[in-house]
Every structure is written in C-alpha cells, then in structure tokens.
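A.B. asks: The primary structure of each chain is shown beneath.
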Amino acid sequence: MNFHRAKTLLLAAVALCFVISLVLKNNQSYWLYVSYDIGINIILAVSLNLINGYTGQFSLGHAGFMAMGAYTAAVITNQFTGSNPALAGAIFLGALFAGGLAAAAGGLIVGIPTLRLRGDYLAIVTLGFGEIIRVILQNIDAVGGPRGYSVMHSWTNFFWTFGIAAVTIYVILALVHSTYGRGFIAVQDDEIAASAVGINPTRYKVTAFVVGAFFAGIAGGLYAHAKSFISPDGFGFMKSIEIVVMVILGGMGNTPGVILAAVLLTLLPVGLDNLGDIQSLPGISADHPLSWVKDTRMVIYSLLLIVLMLTRPQGLFVFKKRTTA
Amino acid sequence: MTEFLQQLINGLADGSILALIALGYTMVYGILRFINFAHGDVFMIGAFAGFYLTPKIAAFLPTPSIWAGVVVMALSMALCAVLGIIIERFAYRPLRRSPKLAVLITAIGVSLFLEYAGQLFFGAAPRSFPQIIPVKPITGIPGLTINTSQIVVLVVTILLLIVLRFIVLKTKIGMAMRALSFNPEAAALMGVNTDVVISFTFGLGSALAAAAGILYAVNFPAIDPLMGVLPGLKAFCAAVLGGIGNLPGAALGGLIIGIVETFVGGSELSTYRDAIAFAILILILLIKPSGLLGKKDIEKV
Amino acid sequence: MSLKLDKTTIKFGGLTAVSAFDLTIDQNELVGLIGPNGAGKTTVFNLITGVYQPTDGGIVFDGQSLVGQKPHQITRHGIARTFQNIRLFPSLTVFDNVRAAFHLRLCCDVRHALWRGRGFSNEEKEIAASVLELLEIFHLGKFRDAMAKSLSYGDQRRLEIVRALATRPKLLLLDEPAAGMNPNEKTELMRLIQFVKDRFQISILLVEHDMQVVMGICRRIAVLDYGVKIAEGTPAEIRANPKVIAAYLGEEVKTPNAGN
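Protein chains in written order, with my numbering: chain A, 1 to 325; chain B, 1001 to 1301; chain C, 2001 to 2260.
Quick caveat, the hints were computed from the structure, so don't treat them as lab data.
We put the beta carbon where it would ideally sit given N, CA and C, even for glycine.
There's no promise every hint is true.
Keeping only pairs whose Cα atoms sit at most 30 Å apart, straight-line, the calculated DSSO-like set for lysine-lysine is [said to hold, decoys possible]:
#1 A:Lys7 to C:Lys2197
#2 C:Lys2197 to C:Lys2186
#3 C:Lys2186 to C:Lys2243
#4 C:Lys2149 to C:Lys2186
#5 C:Lys2011 to B:Lys1295
#6 A:Lys25 to A:Lys7
#7 C:Lys2004 to B:Lys1295
#8 C:Lys2007 to C:Lys2149
#9 C:Lys2011 to B:Lys1288
#10 C:Lys2070 to B:Lys1288
#11 B:Lys1295 to B:Lys1170
#12 C:Lys2142 to C:Lys2070
#13 B:Lys1100 to C:Lys2170
#14 C:Lys2197 to C:Lys2170
#15 C:Lys2125 to C:Lys2186
#16 C:Lys2125 to C:Lys2004
#17 C:Lys2125 to C:Lys2170
#18 C:Lys2070 to C:Lys2243
#19 C:Lys2243 to C:Lys2011
#20 B:Lys1136 to B:Lys1056
#21 A:Lys239 to B:Lys1100
#22 C:Lys2149 to C:Lys2170
#23 C:Lys2070 to B:Lys1100
Away from chain A, derived, C-beta distances all over 10 Å, residues of chain C [what the hints assert, rightly or not]:
#24 Gly2013
#25 Val2051
#26 Leu2104
#27 Leu2132
#28 Thr2167
#29 Asn2241
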C-alpha cells in the first residue's frame, strides 16, 4: 500500500464520517444505534486481531481492557456539566484517550507476565485477568460496584464511532505492513528463528498487547457513552469470547475478513431477534415457527462455532491467494 | 480456634469438589496437551442428571437415603462419562491434527452449547436440587456447624481418589494413559490403542466431574445451567497450581484453592473471593510455571 | 572480530552436555565442528547464540561477554545462525522472510511505521532494494513473492542463509546445511559457503556430518565427543587422529584365537 495514499484515505474517511454525522444529527433510530455497535465491535475485533491474529498471543481477556477504558472515560466525562459543544468534543476526545491509556497500562500489566506462556495457558491467564478486573470493578463503590454506573452524556455518534474505527484500522494495518510489522508475524511463526534474526519477541508481544488494549479501551469509552449505563457484568469473558469469535471467523491476521466478521456477527443476533419478533407483522400468529429462533439464538451461535472450527478453521473470509514457486 | 476449624472444614469440602473437577482437566491435558473448556459444564450436566434422575429413583428406593444417593451418583457419573466420550469423538477427535487453537475454540463452542442448550431445556432459573441423602447437622462439637453433607463430600472424594489411583497405577489402561501422557507416538508404536485410551480418559474425567456436580448440589441445592462456569475455571487454576498433567497435584491444587478461597470469603476481602483462584494462577505461573508437583518441559532447538 | 569460548560448560540436571570446551575463531576463518551424533555440536551453537546459558566457563565476542545475553541481543552483536531443521517463517513470503531480518537496521521502527512520512518511505525503499539485491545474489530473486515453504528443500536452505546474512553478521553459524542433499547439491553448497565467506568477508563456524564437505572447505576442525573436545587441527591431522577414528568407528576389538 502506497504510503501517502494510506494517510489520505484515512483523512477522507474521517471527513466523510463527520459529514454523515452532521446529516444524521437528530436521528434517533434503532438502526443508528446498531451501527454504533458495529463500529465499536470493529474496533474491538481489529485491535484484538493484532494480539491474536498477527502476533499469535491467544488473549481471552479483551473485554477487561474495554471495561477499563469504559469506566475511565465515563468517570472523566461525568465531571463535566456544561453544554458547550466544542468543549464537549474536546473533553470527549480527552476522556476516550485517557480510557485508552488506562487500558494500555492494563495491557502492559497483562503482557509482561504472560510472555513465557503458550496457547492454552495464555488463554486462561488472560481470561483470569479479565475476571480479576471485573471483580475489582464490582468492589469499587465509587463507580457503583455491582449495581453499575450511570453515564451522563451520550456523546457517541457516527463520527466518533466510525472515525475512530477508521483510525484503528489504519494504525493496525500501517503497523503490520512495514518492515517493523513483519516482526509480529515472525514472532507468531517461530520465536526462536525470530530471535535469531535480531527480533526481540518480548518487545513485540508486549507492544501487541499494549496497542491492542489501547484501542479496546477507546472502544469501551465509546460503548459507555452510547449505552449511558455500564456494569462490570457486561464486560465478562462472554464478551471477550464474542470478540474472539469475530477474529476467528474473519481469519486470524486477516484484517478485512475480521472487519466483515465483526459487522456480520453484530447484525446476526439483531437479525435473529427481529426474526423472532416476526409475529408483530400483520397476518402472522404468535405461534409462528420462527419465534423459537430468539430463544435458541445462543444455541445456534455455539453450534455454528463448533461447525466452523470443524470445517473451516482458517476463517470464513480468507481471500488471500497464495502463490507458489 | 473453632472459627478456624469451621473455615477449614468448609474449605476442604469446597476444595474437594474443585479437586474432582481438576482431575478431569489434568488427565486430558496430560494426554492431549489441550484444555477441555467444556469440562466445567459436564459438572453442571452431572448435577442436572441427578436432578432429573432422583424422582425416577424415588419410585424404587426410599429417599432420602444412602442407597438413593449412591445410585443417583453412579447413574449420573455413567451418563456424563458417555457424554464426555461423545464430545471427544465428535468435536475434538476430528481436530487432533489441527492447530491447537482450532480445538480450543471448538471446546469453547461446546461449552457455550451445553450452557445455552441447558438454559433452553432446563430453564435459566435456578432449580432446587432434591434431597437424595439425609442431610442432618452434626452436633456435639460446640461452635462448629457441620452437616452430614459436608462429611459425605470428603468421604466420597477420598473414595474416588483411591479408586482413581488404583485405575491409573494398577490397571493396564491406567498404564496406557500414563504412557500416552509421556509420549503418544511411542505409546502407539507399542500397541496402545490411542483412540480407546483417550476416550476412556475423557469418560473417566467426566464421571468425576459428574460426581463433583452431585456433591455440590447436595451441599448447595440451587442449580442452574451456568453453575459450571466459575467452578470449571477455578478447577483449571487448581490443576495448573498442582502441576498440569499431575494427578496428585490436581487434587492438592483443588484443596489449596478451596481452603484459601473459603478463608478469604470469611474475611474482610470477602467480595474478592471469586478472583482468588485467578490470582493464585497468575502467581504460580510467575513463580513456578510447572506447578507445585510438576516437572519442567524442555523444548529442543 | 574474534569469538572465544573459554572452558564453556553446560549441565542439564545430571548430564554434562558440553564440558570445558575451548575454541577460538578469528577474522575470516572457516572452522568446522564435527563429532558423532549427540556429541553436543548443536548445543555449542545454542550456547554461542544465547539459547542456552553456560553453567560454567565464558564466551567472549569482540571483547564482550555473551553470557547472560538474549539471542536477539547476540544477533545484534554480529553472530547469525541457521538451524538444523530449517526454520523459515511459513506465513511470510520469501521477500518478507529476508525483510524481517532487516529489522535490526531500522532507525525508528514504530513511529515511522505509523506516521509514514518521507523518512519511512525512504527507509522502506532502501530496505526493499537491499533485500532484492541479496536475493538476486543467490538466485532467489524470482521467488520473491512465493511463500517460503513452497520452495524446494535446497532453495529453502539457501534462503535461510540469505536471511542470516541480512543481519550483517561478522560470524555465521551453519548447522548441518548439507543434511538431506545429494552429492551435486553438496558440491554446490561447498561453493556457496566459500562464496559467502569471500563475498561478505565473514567467519564461518560449520557443524556438519558430511566429511566430504567439512574436509573440503574447513581450514581448521574441532572434534566433539560426548561434550568433550578430543581433537583440533587441519583436515589432514584430524583424518589421521586415532582418537577421532575411535570416536566414530569404535575401537578395534581383538578376540583371542579367532584368527583375525
């Protein structure tokens, strides 16, 4: 990818998001809120892809970073009671950034002890960290503990969500598609060979965690200001697993695939929910056969996961063609 | 002092249940080097099996009674052994040659499936587990509140551990299990039927998890489809603490976590109780990754 | 440049894999390390490159001790290696395998990759040109976009050497490069190793089983048996050394009245 063109594309994308946001200024529709979920999940999946997909560190605690970012950003913005829109924008950006930094610190704390661990162990430890963060948040009464925390300002909109998603995608891709970035993949492929060519596996693994966590934190901040209410339970390992499934489905280390998977997997439960509510359409009775879909949504989801791994473990959306010598 | 004893007994009971589950994890990991994420949910199925079997058994045997308890537990263990074997055969075996990540994700899928199918068929609300054995408080020791159910946990766990030890050390299949855990290829070359031994291991581990499920339900009669999640994770931490792949280690790890957890639960830090197992996990991986009783693994370059 | 192993020892539990090993390699030398299977040759490599830490003795490279340093740090000092079982990066192309090795020479990794300014694009262009140049020297240029694993065995070995050279080493360790090769390929390899030494002006330490290759190109050879150096000298000296012969072939057993 051409260096200058990438930056121009990014700026264009962000500008477009800004324009769309102005156009949709007073729109409150259900689907707009669904789109925020899509954007947030894109950020989460793409950032996790750096850790899991490119660097090969199997992290099951991404939701913990999200939680750190969400609470940090919410606490900061809740201190602000004015209504100056320009100031609001600046404060929001600052709060999101602070949330990202808090989560990045979390990434550092998780990344360093887990360096020597492989595969399954790493998965459980990262899951453990996620749980520890959840339990700690449940014990902080200042942010509501288990009862949750109210977020005063619902500042998340199309611009912030998709603008930041565009930045996330740019950063991850720019990072990986450089000589420096080849190091991530080298570390995943063969740590020992990577060391032998001067690559420091520790530094790459920690970098992956920190950068991945940073964006997860920002996604958390966006989430908090979209839902207006956050609680520790919403950031449990079920959430982490949801994000992991997006990365697996999209193909580890395949950013376009992961984005597509994030979109699809966000829409899937929404679609199933709406399908289940189909009795609200005239002429269809409440006993319509598809109403069971809503209840079995998670069962279908888990079966899909099993079937996917049994049949196409490299992911659904792997488009890369491999050339042979 | 009585406070301490009280917590100790509670902790031992809690730890015994974790130990039984941990044994299943460690056996499977020892042979296949893979964490069976769905194992905690087999624990849950065991409890529900007991829940649905008890009324049927009540037609033949007086409940609550020791015999009813034994029969329910045996049937539940058998059922879950079969479940474990089926899961291995259809979800894990096809992926034996695939990268580890694939089977890990599949295990997560199986786990989610059991949980949500459970919610669908058993209902998400907690159910009350029927009394299958007589639960009476034990009086006589002032200050201590012990129930017969806690004694049952300890006794049954010890019995099962003895049986397990016998199987692993004194039977042919036990020897095959040990051989596989050291070197699968060599074992296969020596005529060990790998598939059968692996199936047996899953069955055995699942049976122990089922026993743990019944014992848990006898002590804490509220059961629900997601009850296996946290105990499953904690039991895995226990297995790692003791040294993954090491059976006495898993039992030891379970007891330690059970006791520490109970003491924390009785102290000012009680709301952090659920995080203790993970904190211990992280600590042991930092200090001695091979676990308390485990040996180091060396990679050849 | 000089590498000096001084009574280097490593014990794994009760087993002494390498015992009081002395070896010096100077500028522009081609040294061979041979010995029967399990003698500890690859262990010596692992000691030099920091994969293992010696339990006793020292390793000094250009005046600096390598003991306690991590493998990637040792590579930065100027020691590169290849592996017994070729360790290329299977997810990367031939081009990227070599490119990854240029990581050492990046001036400002992360910042540049993100900002993508003029500095970055110049550096990347330079690196791409250097990678291609290296690949061309070894006739691998045409495979640049192929996946590393899709190359023939001989080409993979060459690629691994190219990748090691990309780190601009002063000393190159080759671990059994002739393994699995037919006689023609071995002759090619001998020429290649000689070429690498002359073209890049580096020293080479070669572990090899094939006597034809070792005797053919090494100026000096050290012999290991059960972790102990039993001989060192020119190819001719080594060939005639009774201890070396005994190590490989065993001792002659004289049975009484058997009439041999």
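A.B. asks: Tell me if the straight-line CA distance from Lys2243 of chain C to Lys2011 of chain C falls inside 30 Å.
C.D. replies: It holds: about 24 Å lies between the C-alpha atoms, which stays within 30 Å.
A.B. asks: Does Lys2170 of chain C lie within 30 Å of Lys2125 of chain C when you go C-alpha to C-alpha?
C.D. replies: Distance ~25 Å between Lys2125 of chain C and Lys2170 of chain C Cα, so the pair holds.
A.B. asks: Just to be careful, I want the Cα atoms of Lys2125 of chain C and Lys2004 of chain C compared with a cutoff of 30 Å; is the pair within it?
C.D. replies: Roughly 38 Å separates the two Cα atoms, so the pair is violated.
A.B. asks: Check the hint pairing Lys1136 of chain B with Lys1056 of chain B against an upper bound of 30 Å on the C-alpha distance.
C.D. replies: holds (24 Å)
A.B. asks: Run the distance test for Lys1295 of chain B versus Lys1170 of chain B: straight-line Cα separation, threshold 30 Å.
C.D. replies: Measuring from Cα to Cα gives roughly 23 Å; hence the hint holds.
A.B. asks: Is the Cα-Cα distance between Lys2186 of chain C and Lys2243 of chain C 30 Å or less?
C.D. replies: holds (27 Å)
A.B. asks: Taken at face value, is the distance from the CA of Lys2197 of chain C to the CA of Lys7 of chain A at most 30 Å?
C.D. replies: Distance ~44 Å between Lys7 of chain A and Lys2197 of chain C Cα, so the pair is violated.
A.B. asks: Verify the proposed pairing of Lys2007 of chain C with Lys2149 of chain C, using a straight-line Cα cut of 30 Å.
C.D. replies: violated (39 Å)
A.B. asks: Confirm or reject: Leu2132 of chain C is not an interface residue toward chain A, with every Cβ-Cβ distance exceeding 10 Å.
C.D. replies: holds (14 Å)
A.B. asks: Given the hinted pair Lys2149 of chain C and Lys2186 of chain C, is their Cα-Cα distance within 30 Å?
C.D. replies: Measuring from Cα to Cα gives roughly 21 Å; hence the hint holds.
A.B. asks: Is the nearest Cβ of chain A still more than 10 Å from the Cβ of Val2051 of chain C?
C.D. replies: violated (7 Å)
A.B. asks: For the pair we were handed, Lys2197 of chain C and Lys2186 of chain C, check the Cα-Cα distance against 30 Å.
C.D. replies: Holds - the C-alpha atoms of Lys2186 of chain C and Lys2197 of chain C are around 17 Å apart, at most 30 Å.
Checked against the numbered hints listed earlier, the structure breaks hints 1, 7, 8, 12, 13, 15, 16, 18, 25, 26 and 28; every other hint is satisfied.
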